Amino acid sequence: MNPAFSVILLTTASGAGYGMLFWLGILDAAGVMPPNLSFGIPAIFIALALASIGLLASTLHLGHPERAWRAISQWRSSWLSREGVVSLFTYLPALAFAAAWGIAGPHAVVTMVAGVVAALCGMLTVFCQAMIYASLPPVRQWHNRFVPPNLVLLSLASGAACLAAMVTFWLSGAGRIMAAVAFVLGLGCIAAKIAYWRWMDREPSSSTIESATGLGTIGAVRQLEAPHIEENFLLREMGFRIGRKHGDRLRGIAIGVGFVVPAILLIVGIILGNPAATVLFPIAAAMTLVGVYVERWLFFAQATHTVTLYYGRAV
Amino acid sequence: MTSAPRGRTRGFASPVELIDTSPRVADEVKTTTCYMCACRCGIRVHLKDGRIRWIQGNPDHPVNRGVLCAKGSAGIMQQYSPARLSKPLLRVGERGSGEFKEIEWEEALGIAAEWLGNIRATEPRKLAFFTGRDQSQSFTGWWAKQFGTPNFAAHGGFCSVNMAAAGLYSVGGSFWEFGDPDWERTKYFLMFGVAEDHDSNPIKTGLAKLKERGAKYVSVNPVRTGYSAIADEWIGIRPGTDGLFVLALVHELLRTDRIDLDFLVRYTNAAWLVIRNPGAADDGLFARDADGRPVAWDRANDLAMDAGTAGMQPRIVGEVKLPDGRMAMPVFHLLAERYLDGRYAPEAVADRCGVPADTIRRIARELAETAFDQQIVLDQPWTDTSGRRHETMIGRPVAMHAMRGISAHSNGFHTCRAIHLLQMLLGAVDTPGSWRYKSPYPRPIPPGPTPYGKGSLPMAMLSGMALGNPLGPEHLLLEDDGSPVRIDKAFTWDAPIGAHGLMHTLIANAHAGDPYKIDTLFMYMANMAWNSSMNPGEAARMMTDKDPATGEYRIPHIIYGDAYYSEMVAHADLVLPDTTYLERWDCISLLDRPIGSPEGPADAIRQPVLAPDRDVRPFQDVLIELGTRLKLPGFVKDDGSAVYRDYADYIVNHQRRPGIGPLGGWRGADGNSPGMGAPNPKQLERYVANGCFWSHHHPPEALYYKHANAAYLADAKRLGLIDGTAQIVLQLYCEPLQKFRLAAEGHGAVQPPDTHRERIRLYFDPLPIWYPPLEQAAIEQAAYPLHAITQRPPAMYHSWHSQNAWLRQIYSQNRLFMHHRTAAALGIEEDGWVWAISRTARVKCQVKLMDGVNPDTVWTWNAIGKRSGAWGLVADAPESQNGFLLNHVISEFLPPDRGLRHANADPVTGQAAWYDLRVRIERAEAPAETAPRPATLRHPKLPPAPDILRYAAGAAAN
Amino acid sequence: MTSIPTQTAGQKKLGLVIDLDTCVGCHACAVNCKEWNTSGHFAPLTDFDPYQEHPQGVWLNRVHSYEAGTGPNSRTVHFPRSCLHCEQPACVTVCPTGASYKRAEDGIVLVNTEICIGCKLCSWACPYGAREFDEDQGVMKKCTLCIDRIYNENIPEAERVPACVSTCPAHARHFGDLGDPASAVSQLVAERGGYDLMPETGYKPVNKYLPPRRRPPVAETAPAEAESAGTGVLRWIDRVLSR
Ligand SMILES: Nc1nc2c(c(=O)[nH]1)N[C@H]1C(S)=C(S)[C@@H](COP(=O)(O)OP(=O)(O)OC[C@H]3O[C@@H](n4cnc5c(=O)[nH]c(N)nc54)[C@H](O)[C@@H]3O)O[C@H]1N2
Ligand SMILES: Nc1nc2c(c(=O)[nH]1)N[C@H]1C(S)=C(S)[C@@H](COP(=O)(O)OP(=O)(O)OC[C@H]3O[C@@H](n4cnc5c(=O)[nH]c(N)nc54)[C@H](O)[C@@H]3O)O[C@H]1N2
Ligand code: SF4
Ligand code: SF4
Ligand code: SF4
Ligand code: SF4
Ligand code: SF4
Ligand SMILES: [Mo]
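Here the protein sequences line up with chains A, G and S, keeping their order. For what it's worth, the numbering used here labels the leading residue of the first sequence as 1, then goes sequentially. For what it's worth, the numbering used here labels the leading residue of the second sequence as 1, then goes sequentially. For what it's worth, the numbering used here labels the leading residue of the third sequence as 1, then goes sequentially.
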């Protein structure tokens, strides 16, 4: 699938944003977050900003952005619509969370309730987003049980890393806890990605050029001529190809830059504490975002669509 | 933002689209005839807001019955092509540069009339008037005759004259578009070398019918695509060996005595006696009675008698002594003796054909089983030419069809004759279930008239049409000193039966001034600077070459009529811009290539559906105007005024012979005389009212055995299709060929020069022969181990369609297809770039591997590659960057043979031997782009091409 | 609306049956489809770079060709591809706006281009590549089964079939109600073993493809001397024939 900048930005940024929102809400309810006004409101807004950048980016790639509002109408059947609905809805508890933080204080019940609701809504948005991909049978790399947990896990991990980077400036202890969460989630991400990739590389496609054409009874099928000489929308959108070697290298980069190095930085930061952590955690967060971006690029680039079978390509 | 006002939406959560399922399709529907190729399908053009909404196949039309091919469906994009010419052009730069200035028609016509007038006043043959696949050859040919030049021809010489000539000299009809398998009844269909053909829609529809009925369809073709892909059996033959394959089938049928002897004696010259008098002037000619009628030996009376005598019992084998003492043998004897020879045994030919002997034997058996064990009996009484009534019609349900896979070889004439021989042996000519003549065929054999052109004089017309069918050396077009009459050397010892002319030698001969210099090359609808030339680089060079002595072009003037900015336009001095096919009157005439069917004659017209939005004129109108200005006989009345206002007027009022004109429908002042009758001033209106075609059905008893069917021949005569009602006896043995051969052996007044004697003796065999394609025989085969051929792409017509925004998406470049094993042996991979190297040149192209191709053959789609800058395309269009033209490696001449440069052509007909080409394939270095790539042509004033095309007729906004 | 209408017994399911045994790959259906539809329901079917370097455009029907197998039993098969009007089309359910929908009355899958936001998700959801995004117009287009022909009262009744069907010179395309087992198309499918493309995706295409017919294996005949009707030409010497 074409790794379009807008969708990659969407899922990377909104994943991190909602992940951050999640940890803010949950850990505030758990009383771990620093009670400062100067922390809470900016943190919530940074989380929402990340999520919004993503959502905005995704509307930009629409053919008719001015009609985007229509996208919330089909929540009964469409995960994309659901994502829209939930993401829009999330602004309510999230803004309430921010307002309550400012007005009622960070540990007021109303704040904690709003925080938890915002956290859950945010994660639900990420889940809906994941389900958009997971509900597409033509793309076997997406249409499987790994994808929703993967995307949720990466959202939580990148959100945690971002929050750790921020919160450590206010409260070293909270920073350490967040970093620990990010560390554990990072390891989880490594495991999850490796499991996903191993599965993806091994699991044969249930669709083949033979099943796509129904000509397998005659013999192995090869394309003799494509309908048109130039690449068309279908191939540009769904026929993206990346070499195996290139893919493996990028996988290494995604894991290394996104999780392995950040894990080390996080551990060192946890051990050394501030002020080292105020340097290490932001670096770890930035690297995580870069890693997730690469991972997401691969998530698209290595996803194949059955339509390409008709053009003689493997899926 | 989307344009069409097609529906409204109600609701948000459950939006409902309100669709108008009955939109008005058109403001107006006009019928006419498609011209996106030469198939001549009927179309209905739906117009909305003055633009074309849809072109639909006319369901009532006899040719296509409502279907339309990809090309026909893309007519809209042809009509609105940016490559359309818009005004007459006069060259201002060097020839070939594409630098022109636009001029007014008055100036253009004045220049043309001046050049042509000078020629006509001095030496008319210095005008060479050649046309392409125009559908007005009876008109253009007549114009040339009235002008007085023998140098007229159309594209047939490089197209399929082998099919036409072999058919006309053998069965009085031919494959090409002049015959049809009996699609409704055939049980076994054998097709040789056909990719699309002129009858492309009817063939597709016919194949579907065969499949529906479960008939067996065998395709003999080195490549398995298109029609061959759906064959029940594909025989991937080696190019150029079909003759051997067919004669091996003949061998098998003779060996197993599975032939229709009754048919042979009744309808062919099987029993005619051939004089056996080696060395004498009558050797090999038919023995004739005092009245000149061929004789056969009657078993009952034991004497030779008129071979046409009804009820006689002719002997078909055994030598006999004629009353005058000469020895003679029946044709069948000679034939059987020849083909029973072990040379033609399946084992002997299998390797050369690339077809296993067992397969050949099986096919022979299947043919015979189908023809004889599954014969068809129609309860349809009929009367033969001897007046005998037959209660039924016996059918041999084996049909054959063949086209350029046969004809585009230098042995194509004989191979095609071999196929007709096979049909005759099976009794499968115009019987129920077999191949059938399409009206106006059959014609008498040998065919007439003979060619004219000798002794053309200033200001005089020729006494007959330039092209014709010579029946012996006496009909050759040679001056008294033996030099060629024609610039293309058709009807000389180079190409004695060059019945369609030799357009492929035209430019080289004109350039060389051989046999004489010409003044003006006047061409119409033929892209001779590109895809219709062998070796187009050389053709372009010769057209632009100057005589250093005079500084003048060696070909002094070139006038060209085209509708689009083709490569040839850039090589003309004066360009006469034509209309598109939707903007003019045309007629698909009974005098030319009509749309007749086995059921009866039919013809058609084109009517202007749209008015031209440019300063262009129908070429035929222009010819009439020139004819009038030149005061050609037939074009002006005594007072010097024009006979014909325009082509539409000519179509209605021209009479070739009294009562016979271009169109057969609604003749007679009242429109009630089909076929023959006085001109009818309302004729075109009647055509338009009838969907732009006319068709006539012969009565049921006239539909088969037309060559010997009294009812048919009478009806055909009544309609003016044929002059007499005598039986047309099919010719297994072709006497005219023997006459040429006798000349080569030293008999008669007109004899070939010594350089040609052996060649004529060899190739003018009265019975079909096979020989290796000439180029192949003349080169070192190991150095060029592969055959290279082209195929017609189903969705493109030659060079016409690269300008078509839709069709070019399907083929904007072409690959060289080759067998994966052959490629593997050469280390060539899928998509690799290679050189295809022939004995004369090399072309660089990209490879596509496949399984369904003869392993010794490479092929590509024809005419996809274009010269940069032509056709209204950007200079770096894929057609010129990656597409390639195989023509670059085809030579118009064979390797010199004892100082003689023979055309790369069939020695009998002069048919261009495109598919004799042999190449070697080598891996090519970077860059990944085609070569050769001649310089980019400059545009005359073409409109800018849009980057985005949002064509929608009748839609709100664009 | 993007929920799939509930299917009732005897539900009308209009669709195409494509005969791969007679399709010669001529592209007529694709071009005629383009021609009809560029001024039709989805007007225009935009083309990009029409006379330039990379000519391409919106086509609702595209014709591929394949080779299957190698050696004597291999075949070349031409293969037109357009929307299959699936019974369970995720291209409909994924659509966030309701622009992509399946008609309850005949099962035709359409796009309402008035409300389509051009998110392209439906094209991702179609396994068959039957959705065509018009990058100029910003909306999704696809085969309409010629909705503006098949019910069009301005067209003679006999001609109320899709453009691609009426134009196919090889009569390889058939149109009808595949929900009605008695219809000509259903019977053709039953007779010829019509099949679904990629049944494993569970989309249940309505369109069916008829497989290339199996050819009877060809048994070669060994050289049969016995068959020979005597040798030489003179065997016909005593044959009595009448002219
Ligand atoms: N390698 C190879 N070469 C071949 C062949 C092959 O099989 N292989 N086939 C040969 C054969 S059989 C043929 S017939 C020739 C065909 O070759 P040509 O006869 O040269 O055919 P085209 O390229 O179709 O077009 C001739 C010209 O007709 C013009 N034209 C189109 N429509 C109109 C119109 O309405 N009015 C006018 N005035 N002009 C119009 C086009 O613009 C074009 O310039 O090619 C031959 N060349
Ligand atoms: N779509 C489309 N239709 C056309 C045309 C077009 O350009 N496009 N051109 C028109 C013209 S001008 C003509 S002349 C006709 C020609 O109509 P066709 O005769 O169909 O033309 P070709 O493409 O030359 O087809 C030749 C076929 O013979 C095969 N072949 C080559 N050599 C041999 C051989 O030695 N033996 C056998 N058995 N087969 C062989 C090739 O593989 C090819 O399939 O088509 C007309 N129809
Ligand atoms: S075969 Fe196609 S291009 Fe040729 S006349 Fe018929 S519809 Fe037109
Ligand atoms: S029009 Fe018919 S034969 Fe031609 S490609 Fe389409 S389905 Fe096949
Ligand atoms: S073929 Fe594709 S676009 Fe058509 S209904 Fe099925 S899934 Fe939808
Ligand atoms: S592109 Fe249009 S039709 Fe397709 S899913 Fe998006 S809104 Fe729906
Ligand atoms: S049914 Fe209509 S829209 Fe669909 S492929 Fe055929 S012609 Fe095109
Ligand atoms: Mo031709």
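These are computed hints drawn from the structure, not numbers from a lab. Don't take each hint at face value.
Heads up, simulated SDA-like pairs for lysine to any residue below, C-alpha to C-alpha not over 20 angstroms straight-line [claimed, not checked]:
hint: 1; chain 1: G; residue 1: K848; chain 2: A; residue 2: E230
hint: 2; chain 1: G; residue 1: K848; chain 2: A; residue 2: H143
hint: 3; chain 1: G; residue 1: K48; chain 2: S; residue 2: I155
hint: 4; chain 1: G; residue 1: K48; chain 2: G; residue 2: V29
hint: 5; chain 1: G; residue 1: K848; chain 2: S; residue 2: G71
hint: 6; chain 1: G; residue 1: K454; chain 2: G; residue 2: M465
hint: 7; chain 1: S; residue 1: K204; chain 2: A; residue 2: H107
hint: 8; chain 1: G; residue 1: K321; chain 2: S; residue 2: P156
hint: 9; chain 1: G; residue 1: K631; chain 2: G; residue 2: K848
hint: 10; chain 1: G; residue 1: K48; chain 2: S; residue 2: T6
hint: 11; chain 1: G; residue 1: K517; chain 2: G; residue 2: T550
hint: 12; chain 1: G; residue 1: K848; chain 2: A; residue 2: G173
Computed from a predicted structure; not experimentally measured.
Now the hints, each set against the structure:
no.	hint	result
1	G:K848 / A:E230	holds (16 angstroms)
2	G:K848 / A:H143	violated (34 angstroms)
3	G:K48 / S:I155	holds (15 angstroms)
4	G:K48 / G:V29	holds (9 angstroms)
5	G:K848 / S:G71	holds (17 angstroms)
6	G:K454 / G:M465	holds (11 angstroms)
7	S:K204 / A:H107	violated (54 angstroms)
8	G:K321 / S:P156	violated (72 angstroms)
9	G:K631 / G:K848	violated (56 angstroms)
10	G:K48 / S:T6	violated (39 angstroms)
11	G:K517 / G:T550	holds (14 angstroms)
12	G:K848 / A:G173	violated (66 angstroms)
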